Structure formats: structure tokens, C-alpha cells
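Visitor: Starting from the known structure of chain H, fit chains A and C onto it as the hints suggest.
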Amino acid sequence: MTGRQTIIPFGPQHPVLPEPIHLDLVVEDEHVVSAIPSIGYVHRGLESLVDRREYQDFVFLAERICGICSFTHSSTFCQGIEGMMGIQVPSRATYLRTMWGEYSRIHSHLLWLGLFADSLGFESLFYQAWKIRESILDELEATTGGRVIQGVCKVGGVRRDVSNSFLSEMDDRLDEIEDEMKDLTNVFLNDYTLTKRLIGKGVLSKEDAYYLGAAGPTARGSGLELDARSTGYLAYGDIGFKPVVEKGGDGYARCAVRCRELFQSVEIIRRVITDMPDGEFFTAVKGNPDGEYFSRSEQPRGEVIHYLKGNGTKNLAQFRVRTPTLTNIPPLVSILAGCELADVPQIVLTIDPCIGCMER
Amino acid sequence: MNMKIDPIDAADVQSIAGNMRNGGYRLVVMTCTPADEGYYITYSFEKEADLRHYRIAVLEGTTIPSVGSSYGGAFVYENEIHDLYGFTFEGMSLDFGGTFIKTSIPYPFKKKEQPAPTVTVVKEEKE
Amino acid sequence: MFPYEPLENFEGTRGHLVFDPSKCTSCMMCMKRCPSQAITVQRAEKIWTLDRFRCVMCGNCVDVCKFDVLSMEREYAKSATPAERSVEIYEITYVKPERPKKETAE
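Protein chains in written order, with our numbering: chain H, 2 to 361; chain A, 51 to 177; chain C, 349 to 454.
Chain H with its partners taken away, still in its complex shape (with noise of 0.2 Å):
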């Protein structure tokens, strides 16, 4: 090696970027010495709007914080709402919530299969993971009213009920959709091509992702049992959940998380419908929110933290957003120091970067 370092930008306009980051790489000979980001592209300021709207509309402008991830904000927001003024929601409104929650990480995940796909140059693989995708917005569209952003939740419940013979239907189809992403995962785990590109690439060892601060599946594919939905909000207390984790730290592991926890998704939505319970859908809601609150969930792409701070007027006084990407910058730079330059693209992706949730 000469040596010699070049910084190469690797923009914020970039083929495989869903979403614009910008990373400095400073370089010698092809090997990544380190990486420097530099985010702030997208940041709109929204946290600065809970002044102005009152606490029962804000859960609109939660949900458009991001568009893969609306289901989890929204709700996660109506959590804290109703943790901080002690509401109790009836419990078939927080199975309805779960199930929702979990279309939405099917389809989250569907989403970033593609996108994967298309970044190691498959783009066959990309229209098959879209196209099992369309079925599960069309579900999504039946039950709420919208495909990407749901406005189904709202601070006592839910806005609209499903009927039960309709989620036996969807149970019905949920079949037909798990064969398919069988074909699908096939693919991205036992193919040739893509086994040689991603094994041994991007590693990331068990002591680091821990006290880095790694999230969701990034903290999930090093070996780290690290779900939020272990704490038992929602449904997921009176169904039990066990995380899916993989050794192995590089980037093949951390695909085969999201591989299984589509499967694991798919059970946790048929245990929902088979034990859904009747009753009211939501409740009324009196009074003003006071005092502060710290409401965490499981976003397809990690914990997310809403922070809430309320004085007794009908706006809240302070909203802030910790989201899983954010918190997944600093294992990526440790992974990009001494990666080969031709890898980078799909190690980037494989931390599954939101930047519109990051810099809300």
C-alpha cells in the first residue's frame, strides 16, 4: 500500500440510496480506512410544529414523519398519549394495532428485500418482492383506507373496525402470501452469487453493536437479543414473543434476520386473528395531557423512542423522535473502516437507512 489517502464523497444521490446520506470515505488503494457522515438533507423542523396543532391532530403529522414506517409512529404516538393521561384502550383496538403493525413490517421488509436486490445488480429479484408486496398493501388498503400512509390510529383506539368474517378471509390469503415469500427467501439465501457477495462482509462483533448503540436487526444479526416487543406492549404480552437472532455479524446474517422475521410476522398475525376479542373499538377522551412520557416501540428497523411533554393546554409542549436509524449511525461507520470500496454500497444498505425518519 502507497499510503496515500483520497476522500471519495459517496453522495447523497446514489443509485442504491433510497433516501439522501452523504459519507466521506477516505480511501487508500481500495481499502475504506474510515467514513465520515454528514446528514441533514431532509430535516423539515417537525418536531417544532406540536405548538401549533392541537395533541388529538398531531397524530397526522406523526405518521408522515416517514413513509415506510407510518404504521409504528402513529401508534407509538397515541401510546405515549395514553400512557401520559392514563387511558385504558379496550383490548380489541390494541389486537387490531398489532395486526396492523405487523402488515406493516411484512411490507417494510418486502420493501428493503427489493431494494437489495436492485443494489448487487438482481433486479428480477426486485419486481418479485414488489409485486408479493402489492397484496399486502391491497390488504392494507381494505381494512384502513390508504396504502402507505394508514390514518387508522387515534388517541382512545382505532378509527375503524374490521369485520370478523373479513379477517377470516385475510386469514385465508395470508396462505398464499407466505408461499411466495418462501420462493423469495429461497433465493436470497441459498443463491450462489449472492452468498459469495455477502458472507464475510461488513462485520460487526457482538461487544461492539452493544455498546455502539445498534438497533433492530443490525443489533440482531450479531447475536444480540435485543426486541423491544419483549416488553409486552400491545398484544404481544399476551402472546409471548421470542426474537429471531443470528450469529455471525456480516451482512448475509443480518438479511437472513429479515428473511425470518417475515415468516415470524405472518404466525404472530394468524395467533392475532384466531384470538381477537369483540367489544368497543375505542374509547372517549376528556382532559389535557400533563407531565412527560417516554413511549418505545418496535419500528421494522428498531426501537423507536417518542419523547412527550405536556402542561395542561390542549398542545403539547414538547415532542421529540429517537429513531432506530440514528441510533445505527455509529456501527456503520465502525463497519466501513477497512471494507473494500466496491462493498460499500451494500453495506450501507444493510443497516436499512431511513433518512426521512432520522432528521424528521
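Quick caveat, the hints were computed from the structure, so don't treat them as lab data.
Below, computed lysine-lysine pairings styled on DSSO-like, alpha-carbon distance capped at 30 Å:
1. Lys54(A) / Lys315(H)
2. Lys54(A) / Lys243(H)
3. Lys202(H) / Lys183(H)
Computed spacing ranges between beta-carbons, pair by pair:
4. Lys161(A) / Gly12(H): 32 to 38 Å
5. Gly68(A) / Gly201(H): 31 to 37 Å
6. Pro156(A) / Val43(H): 18 to 24 Å
7. Gly73(A) / Asp239(H): 27 to 33 Å
8. Asp411(C) / His32(H): 56 to 62 Å
9. Gly88(A) / Leu190(H): 49 to 55 Å
10. Thr113(A) / Gly288(H): 37 to 43 Å
11. Pro430(C) / Ala61(A): 53 to 59 Å
12. Val43(H) / Glu356(C): 32 to 38 Å
13. Glu29(H) / Thr138(A): 29 to 35 Å
This structure is a prediction, so every number in the text was calculated from the model and none was measured. Built from N, CA and C at the ideal position, the CB exists for glycine as well.
Guide: What follows is chains A and C alone, placed relative to chain H:
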């Protein structure tokens, strides 16, 4: 959800972070919120369903020691708090010098004398 | 020609907003609760306007209106370019019904 928050001194931040690191806790989030006098910065740590919060009360513009020596990933939160509220942290593991989040107004989330209007006035767009 | 069949979405899809001028009492609740400030109501001139570019089809106004004036139809909203952007104006034609005068008890 555990909401018990322990107040500590700003000078003890590094030793508490060191204790948490030795005990096997991970850093979850650092939050800054305006209080009556100055601001509160809350550090949250977690280990296997044991969630703890520690809070320091600081006035505007104080210098706070960084926890980057125990938790390498804290630079993300510290740079964000510096760019939005104006606090200085000394000893950050990766210091961006104010360019982490570039905004058109410096330190946009600081407390202002004139609070923002509650209804935004929509301007007519001229073609 | 492709596509062979027109696309069919579902009952209950939030497509676009429909306003019925004959039932609106100008209470202005929809204007206060719209998250994107797309609706304006002028009570004195009896005019209700909607900016379709700002409307995000969330349905909050439909939930909040107590007089069944607003509803969501299932066709998706038509696309347009910013050059064609304008505000849709409706005139409110609601007439408050006369209450029969109470007879004073002797």
C-alpha cells in the same frame, strides 16, 4: 414504562456513564427539554428490561463533559443537541463543529422571548 | 391496450373529499382541525374553499363535522401540475329552518 428520573450533577456525568458501562448497560437516548430555568438533559440507560433515567439541570451555554469515552455512539446525540440548542460538550469522540445538522437559523430550538404564533399564516403564492 | 382492466380500489378507500353545500352551518370546526390548513370558511360571505394540493385525505374533517356535510369518495384524486393550482370555492346554500313560534301560556 419506568418514568422515575434521578437528578444528578453535571460534573458526575462521566463517572455515572462509566459505572453503567461496567454494569453492562447500553445508552438508549439523550433528550434535551426546556425547563423553567434553563434546560434539562436526560440520559437513559437500559439492561434487559431495567430502564433508568438520569437528569442534569443546566443553564444556557454551559459546557458539559461528554460520555464518549464510555459510549462511542454518543456523538450522534451530543452533536444534535449542540446544533439545535447551543450546548458545548467537551471531549466528543467525533466532533462535527456545528455542521451535523445545517439549519438556516442557528440554534433553532432555543427558548425564545417571542414564542411562535399558534396559527401559521398562509401566504398567497404569486406566480 | 395495457392495462386491460381499469384499476379497482376498495370500499372505504380515502380517495377524495366531497362537500355538500346545502347542509353546512358554518361552524368552522373543519377549518380549525385540518392538519394541513387546506380548508377556509368565511362566515360573512358564506364561502367554503378547499385547496386540493394541500389536502392529504386524512379524513379528520369528516370525523369532526357534526352535520354530515363532508364525506370521502373512493376514486383517487386527479393529479395536476403546480401551474394549474387553484382553490375550489363553494357557496353555502344552507338556510336555517324557522322554529315554530311557541304559544305563550295564558
